[in-house]
Amino acid sequence: MEKITVEHLNTYFGDAHILKDINFKVAENTVTALIGPSGCGKSTFLRSINRMNDLIPAFKCDGTLLLDDEDVYAPEMDVVDLRRKVGMVFQKPNPFPKSIFENVAYGLRIHGEEDEDFIKQRVEESLKSAAIWDEVKDKLDKSAMGLSGGQQQRLCIARTIANNPEVILMDEPCSALDPISTLKIEDLIHELKKGYTIIIVTHNMQQASRVSDYTSFFLNGEIIESGRTEQIFVSPKEQKTEEYITGRFG
Amino acid sequence: MNFNFISAKISQKIMNSIFLLSGIITLTILVIILAYILIKGLPVINLEFIFGQVENQGASGGIFPIIVSSLYVTLLSVLISTPLGVGAAIYMVEYANDGKLTRIIRFGAEILASIPSIVYGLFGLSFFVIFLNLGWSIFSASLVLAIMGIPTIFQVSEVSIRSVPSIYVEGSYGLGATKWQTIYKVVLPAALSGIVTGIILGMTRAISEAAAVMYAVGSSITMPISILDPGRPLPLHLYILATEGISLPNAFGTAAVLVIIVLIITFLTNYFTERYQNKMMGK
Amino acid sequence: MNEKSPSITFQNRINNIKEGYEELGNLTIKLTGTVVRLLENYDETDFENIEECSTTIDIKTIDLERECIKFMATEQPLAKDLMFIESTLRVISHFKRISHLCLKIAKLIKNIQCADIPEKILKELECMGDYTLIILKKSFFVFSNQDLDKAKELPIDDDRIDEMYDSILNEVTENMIKNNELIPYFVDVIFLARYFERIADKSVSIGSRTIFMLTLRRPSIDD
Numbered sequence: 001m002e003k004i005t006v007e008h009l010n011t012y013f014g015d016a017h018i019l020k021d022i023n024f025k026v027a028e029n030t031v032t033a034l035i036g037p038s039g040c041g042k043s044t045f046l047r048s049i050n051r052m053n054d055l056i057p058a059f060k061c062d063g064t065l066l067l068d069d070e071d072v073y074a075p076e077m078d079v080v081d082l083r084r085k086v087g088m089v090f091q092k093p094n095p096f097p098k099s100i101f102e103n104v105a106y107g108l109r110i111h112g113e114e115d116e117d118f119i120k121q122r123v124e125e126s127l128k129s130a131a132i133w134d135e136v137k138d139k140l141d142k143s144a145m146g147l148s149g150g151q152q153q154r155l156c157i158a159r160t161i162a163n164n165p166e167v168i169l170m171d172e173p174c175s176a177l178d179p180i181s182t183l184k185i186e187d188l189i190h191e192l193k194k195g196y197t198i199i200i201v202t203h204n205m206q207q208a209s210r211v212s213d214y215t216s217f218f219l220n221g222e223i224i225e226s227g228r229t230e231q232i233f234v235s236p237k238e239q240k241t242e243e244y245i246t247g248r249f250g
Numbered sequence: 001m002n003f004n005f006i007s008a009k010i011s012q013k014i015m016n017s018i019f020l021l022s023g024i025i026t027l028t029i030l031v032i033i034l035a036y037i038l039i040k041g042l043p044v045i046n047l048e049f050i051f052g053q054v055e056n057q058g059a060s061g062g063i064f065p066i067i068v069s070s071l072y073v074t075l076l077s078v079l080i081s082t083p084l085g086v087g088a089a090i091y092m093v094e095y096a097n098d099g100k101l102t103r104i105i106r107f108g109a110e111i112l113a114s115i116p117s118i119v120y121g122l123f124g125l126s127f128f129v130i131f132l133n134l135g136w137s138i139f140s141a142s143l144v145l146a147i148m149g150i151p152t153i154f155q156v157s158e159v160s161i162r163s164v165p166s167i168y169v170e171g172s173y174g175l176g177a178t179k180w181q182t183i184y185k186v187v188l189p190a191a192l193s194g195i196v197t198g199i200i201l202g203m204t205r206a207i208s209e210a211a212a213v214m215y216a217v218g219s220s221i222t223m224p225i226s227i228l229d230p231g232r233p234l235p236l237h238l239y240i241l242a243t244e245g246i247s248l249p250n251a252f253g254t255a256a257v258l259v260i261i262v263l264i265i266t267f268l269t270n271y272f273t274e275r276y277q278n279k280m281m282g283k
Numbered sequence: 001m002n003e004k005s006p007s008i009t010f011q012n013r014i015n016n017i018k019e020g021y022e023e024l025g026n027l028t029i030k031l032t033g034t035v036v037r038l039l040e041n042y043d044e045t046d047f048e049n050i051e052e053c054s055t056t057i058d059i060k061t062i063d064l065e066r067e068c069i070k071f072m073a074t075e076q077p078l079a080k081d082l083m084f085i086e087s088t089l090r091v092i093s094h095f096k097r098i099s100h101l102c103l104k105i106a107k108l109i110k111n112i113q114c115a116d117i118p119e120k121i122l123k124e125l126e127c128m129g130d131y132t133l134i135i136l137k138k139s140f141f142v143f144s145n146q147d148l149d150k151a152k153e154l155p156i157d158d159d160r161i162d163e164m165y166d167s168i169l170n171e172v173t174e175n176m177i178k179n180n181e182l183i184p185y186f187v188d189v190i191f192l193a194r195y196f197e198r199i200a201d202k203s204v205s206i207g208s209r210t211i212f213m214l215t216l217r218r219p220s221i222d223d
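Chains as they are written, first to last, in the numbering used here: chain A, 1 to 250; chain B, 1 to 283; chain C, 1 to 223.
Treat the hints as calculated values from the structure; they're not laboratory data. Treat each hint with caution, since some may be false.
Below are the SDA-like pairs computed for lysine to any residue, each with C-alpha atoms no more than 20 Å apart in a straight line [as the list claims (entries may be wrong)]: (1) Lys30/C - Phe141/C; (2) Lys80/C - Thr229/A; (3) Lys85/A - Thr178/B; (4) Lys179/B - Glu76/A; (5) Lys142/A - Lys279/B; (6) Lys100/B - Ala58/A; (7) Lys179/B - Phe118/A; (8) Lys80/C - Gly227/A.
The model shown is predicted, which means the values in this text are computed figures rather than measured ones.
Extracted from the complex, chain A is given alone in its bound form (with noise of 0.2 Å):
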């Protein structure tokens, strides 16, 4: 049932200490947010869990980190497929400057398919599952940059469902958006939440109370609290989290 499981993790950029002792679990087919102030190391935490952080040479980190039963950072891990298993989408809108049917095609280029029917028909379903599809089906040989800035997300998500992903991380993914293409978003989360399980970023406590299941406090490298997302938003157990949530922490 646990998704991903944490347990004593502790991550350093050279001397930094970044993230201390988090554990932290995730049901499948669930939603959980991650809120905190900046630089708090939410962030650098959803990047262990796919191991972006391996991009920055100074990174270290122990404990566990595991993806069912297996140890993301075992030597034996094979980095490629984890990220295929575990999908990213990012704080801006970061489509190729290719075309949007390239974009979502991508993952499965650079995996191997070579079946074009295949391809297209993956592509298709990608775009549909993102909810862009009707948006964009007279336009797939067109520029991906060419669209908005919400649409450009939207297919950011398509491009990262093609992989056929089982868990999807969310870095802040509206914080670039309007309100409407944010609420686009949120809607399309509570829609993928049915087959994925995912993790968000976020700074906006409105969006954490409304797309997710659980939410995870933390503060200066720290998991503060952990809970339902309305114990947290309605009567959180910490003074940290209370003061957090309501605006009263600087």
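Chain A is fixed; fit chains B and C onto it per the hints.
Relative to the frame of chain A, chains B and C by itself:
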């Protein structure tokens, strides 16, 4: 410094005019040079001049073998220098950590770019022509020009690859792409227009070089067929026509052809990269 | 990060709502006090004041409700702020009901002036009125001080009111049998006592709302 004696509004106006003036002067110089060469050269140019064989050491006849040598040398040198320059740029951005080695490589490229071309020519003569025994040939000249072109292509490509937004790279890694897939499928296409600019700069430098090739290419006025045949590119022909007083009008004709070729290369590549860029960026 | 200050508008708005609550509470207490005095000593100007005051409370309640809604729309409060605003909305509507009950009581008092109600019943009514006023005051402070312990005492205080109501009811029933022609006035007296009892009930509701706000648990007594 204190410019209080002039009001801000007036000083702004003065500076505006100064900048406008420098712009106009630059443009004027370009127009004058182009016009001068074209006015002097164009009357000489006709089909016979372009497609004819060289006669009387260039005093009469055409310059067809010269044009062919020029294109031959230039294309060959670009073929050699592009993979090396772009490859080095990729290494610098994607593989090397910022450290001593990258600083040395960058410094080396700057030195290489600032060596006078006649020195390259001398090196080409002693190393390629004599030591490697390649003889006076298109190939020797291309190698010399390639070495000259590498720093330009390298420097421009590095800047252009470095300016590819890191969010593209992250997005690609995030989908499980390997480093090479990311470079090949995302970084290079996104940096393409910059890289092409570097190649054009290298190419225009190669096509307009006389000093570097004069010791390496020989001075044959016959049509070069194989890469080991000697040749005589346009700038060298121009140099010989002018310095040996063979035919000043033909020298201007050759110059005009050279300028037109350079202009065509620049316009065409600009047009195509812009079109590609616009298509990719969805404009 | 040491700085613990929400935005100034947030703090101002929530303070305004607290002040609005206190103003409404004080008005309601004053109104109930006037009603109790009216029972002891009928006075036409007091009666008019009561009518006027009840209308003022109506208007101020609506204003404060609007203020709360605006606060929720613009600041989107969470956790204790959210609970506070939601509870304030409930509590002030109790105040409004209490002011309506006060007006009804005042009208009944005016009715029975011409009748000769036995002194004993009147004394018991006055006693009940005084006690109701005490419970109301207590509930007001329970909410504004968020006093969980005192809030738990309120239902016990209310039991005393219920006893008084029962005793008045018995007394009146006996008198009704003795004195047939005064029956319409005795009915008024029954309603009068009933309304005081309801004011006390409302006060208990304010207390249990406070408990809910502080603990988020279902109150043991029906709201």
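*Assess, step by step, whether the Cα of Lys142/A is no farther than 20 Å from the Cα of Lys279/B, and give holds or violated.*
holds (8 Å)
*Taken at face value, is the distance from the CA of Phe141/C to the CA of Lys30/C at most 20 Å?*
It holds: about 14 Å lies between the C-alpha atoms, which stays within 20 Å.
*asked:* Run the distance test for Lys100/B versus Ala58/A: straight-line Cα separation, threshold 20 Å.
replied: Answer holds: Lys100/B to Ala58/A is near 18 Å, not above 20 Å.
*Lys179/B paired with Glu76/A [C-alpha distance capped at 20 Å]*: This hinted pair holds, its Cα atoms lying about 19 Å apart.
_What's the verdict on Lys80/C and Gly227/A, does the C-alpha distance respect the 20 Å limit or exceed it?_
Holds, because 17 Å separates the two Cα atoms, which is no more than 20 Å.
*Is the straight-line distance between the alpha-carbon of Lys85/A and that of Thr178/B 20 Å or less?*
holds (15 Å)
_Between the alpha carbons of Lys179/B and Phe118/A, is the straight-line distance 20 Å or under?_
Not OK: Lys179/B and Phe118/A at ~25 Å, beyond 20 Å, violated.
*Going straight from one Cα to the other, do Lys80/C and Thr229/A come out at no more than 20 Å?*
Holds, because 15 Å separates the two Cα atoms, which is no more than 20 Å.
Going through the hint list in order, the structure does not satisfy hint 7, though it satisfies all others.
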